[in-house]
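Chains as they are written, first to last, in full-length UniProt numbering: chain A, 1 to 290; chain B, 1 to 487.
Hint data in this document are derived by calculation from the structure and do not stem from the laboratory. Cβ coordinates follow ideal geometry from the N, Cα and C atoms, glycine included. A couple of the hints might just be wrong.
What the hints assert, rightly or not - Pairwise CB distance ranges, derived in the manner of DEER restraints: (1) LEU40/A <-> LEU168/B: 19 to 29 Å; (2) ARG144/B <-> GLY64/A: 48 to 58 Å; (3) GLU82/A <-> LEU193/B: 31 to 41 Å; (4) TRP55/A <-> ALA21/B: 37 to 47 Å; (5) GLY22/A <-> ARG144/B: 36 to 46 Å.
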Amino acid sequence: MTEHSDIDHVSGTSTTGHEWDGIRELNTPLPRWWVITFYLTIVWAIGYWIVYPAWPLLWSHTTGIWNYSTRAEVATELANLEKIRGDKMVALGAAPLEEIEKNPALLALARARGKTVFGDNCAPCHGSGGAGAKGYPNLNDDEWLWGGSLDQIMQTIQFGARSGHQKAHEGAMLAFGKEGVLKKDEIVTVANYVRSLSGLSTAGGYNAAAGAKIFADNCASCHGDNGKGNQELGAPNLTDKIWLYGSDEATLVETISNGRAGVMPAWVGRLDPSTIKALTVYVHSLGGGQ
Amino acid sequence: MNKTVNPTDLQLDDDGPLYAARKKVYPQSVSGTFRRTKWGLMAFCLGVYYLLPFVRWNRGLGAPDQAVLVDLPNSRFYFFFIELWPQEVYYFTGLLIVAALTLFLMNAVGGRIWCGYLCPQTVWTDLFYAVERWVEGDRRERMRKDAAKGTITLRRAGEIALKHSIWLMIAWWTGGAWVLYFTDAPTLVWQLLTFQAPMIAYIWIGILTATTYVFAGWMREQVCVYMCPWPRIQAALTDEWALNVTYKYDRGEARTSLKKASELRALGQPVGDCIDCYQCVAVCPTGIDIRNGPQLDCIQCGLCIDACDTVMTKIGRETRLIGYDNDINIHRRQEGKPPIYRIVRPRTITYAAMIVAVGAIMLYALLTRSLLDVNVLHDRNPVAVKLSDGSIRNAYTVRLLNKRGFDRVIAIDVDGPINATLHVVGADSVTQDRPMIILARDTTTELRLLVTAPAENNPEKSVPVNFRVTDIGLGEVASATDHFVSP
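Could you put together the complete structure from these sequences and hints?
In structure tokens form, the structure reads like this:
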């Protein structure tokens, strides 16, 4: 090796003995700590292959020796989350409905939980903010077909309306035209009468007395003598400014002729009790409830 | 065969090749004005750092009583009478501006004061050197012991063990003091002693112990020379009037030995005060020769001034051959003019004025900041709701902030041209038609507000409404404006 120990006079460092076009290479090896670190990374990498799932095989992959997988990791994380949430949700489940709104911590939890559950389950019909759509009630207003108290809202969420559940709200708008109970001109007359109940304009030449009579004979049993509705039957108040399907004459004729029977699904069994409670409080707080 | 070159012909300066291995620096002990100043500043800086977490400050029942506390879990920063919330981090921006300006001012007045006296790297390295000197002896002794590393004795092994143990103890306490700023210090000290502290505390103590030990014990001047960006910046900030540690070559050259100098003097030959004793090099913690002029490696600690003064006193010559001076004065002396020093000049006045201005703005902002605050967010979906009687209701999410250290009773009002009524979901009570909320101390509370305008007041387009929150007890008021819209 003596021929390699040529000393470079400028730096005082030995050269490797390699020379290209008069340029010689100094023998300045990497610092030892650097080299050791490099070897350690190799050892680490080999260890990694063995310990963790690393190599793709034809139909599968090496599984490592600790059975580690990111999937299991996520499952554990989710379980932990459920556990953390669990205690709080138990507290929510144990509290009486009226107490939840009085307790800022529970109210915040119920609104947060309710909002996500609402977005997942209720938004397709009622809209993400609960604003509703034609045929789907706006949950932000003060008109409640089946009642807007906390208990009533929870009842509706649990069992739905015309959902097929035993305890569901029943009662549908009859199809007076289709069933032949009322004739076409009678329907138009009573539709104008209903419009007049909430102060809307009526068609020219319409007979108010006839309308009132038709209403008293056919409609008052559900909607009440004065058209104020009946929450027991889910019969809407016809004297207010809110119309689920629309208030113009054509829509009312359609409603009276063919009836309405919108369905609200039952959520009991699909959502756990404390989640339904959270949803109840959330919906109640949307419109202030009753 | 290559032509042989005498290495000394090529190495005109001591820069050497860039890939040269580090030459270990063995600073010699020294005494004098600047050494004493450095001891004093070290004691002050370390004293503040180590003891500040134990200073108490009464903030009332239930609030932390630590004077300086970074409360990460609760997102609060406490500094004596100041309590900052996360949204007030701009005070730190102000603090950074003041710090930068102070650095500029320091540079304009006295060069790299920060590097030489106050930088943590300087302070801890100095402390570690003191330990090393105490255990292993002064410069020559240490050099001799390191040179004889092949023949290690039991005594030498004991010395090395003792030095590293003390270093590690200092490093451990440095890391320990750091975590005390993040939680109640006495509690954490007790938890650390009984091994019940949270894992994160041990991890951070470990990290800072390791960095302190490695930086101050092993890397020392290399941190300043190779790692730190400050020398580049600070060196660029000094100007011709800044007082930098300067070798007065006008007085020192030509250098020659003491004996030769007296012979030459007797012959009436020109000779300088520098006797080439290399004391300034021996004491330098970065191992440079200040006589080569201002350089990046120089942290301007002034220890070479002390060393040179000692020698000058010994040989009966005037002190401050090396001293705080500027280039202008060297040239003035060479021209036979008296030196001039100018601390007060446009640059320093500007920096000082800017520091005062930024400080005043920060203080004003701090003293006039609101301790009750309200933020309003209008519901987007739906923006407005028609109620059964034809009135319009808008919903808002309101966030109330109570920055005071006690619970307060807050009344909420809404003002606007629509004669609206207000309902707060979960209001604690309603008194005289005003919803009341109990706002817990030092918290934010989110509320849902329903604002209803009667049918006859329905606005045709959006109208501004003002949300006003009033502290019933103190009369403090905060308000926020949003809009009320019709469907």
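Each hint tested on the structure:
1. Range check, LEU40/A to LEU168/B: about 24 Å between beta-carbon atoms, so the 19 to 29 Å window is met.
2. Range check, ARG144/B to GLY64/A: Cβ separation about 55 Å, and the 48 to 58 Å hint holds.
3. As the Cβ distance of GLU82/A to LEU193/B is approximately 38 Å, the hint placing it in 31 to 41 Å holds.
4. For TRP55/A paired with ALA21/B, a C-beta distance near 43 Å keeps the hint of 37 to 47 Å intact.
5. Under the hint 36 to 46 Å, the C-beta atoms of GLY22/A and ARG144/B, about 44 Å apart, fit the expected range.
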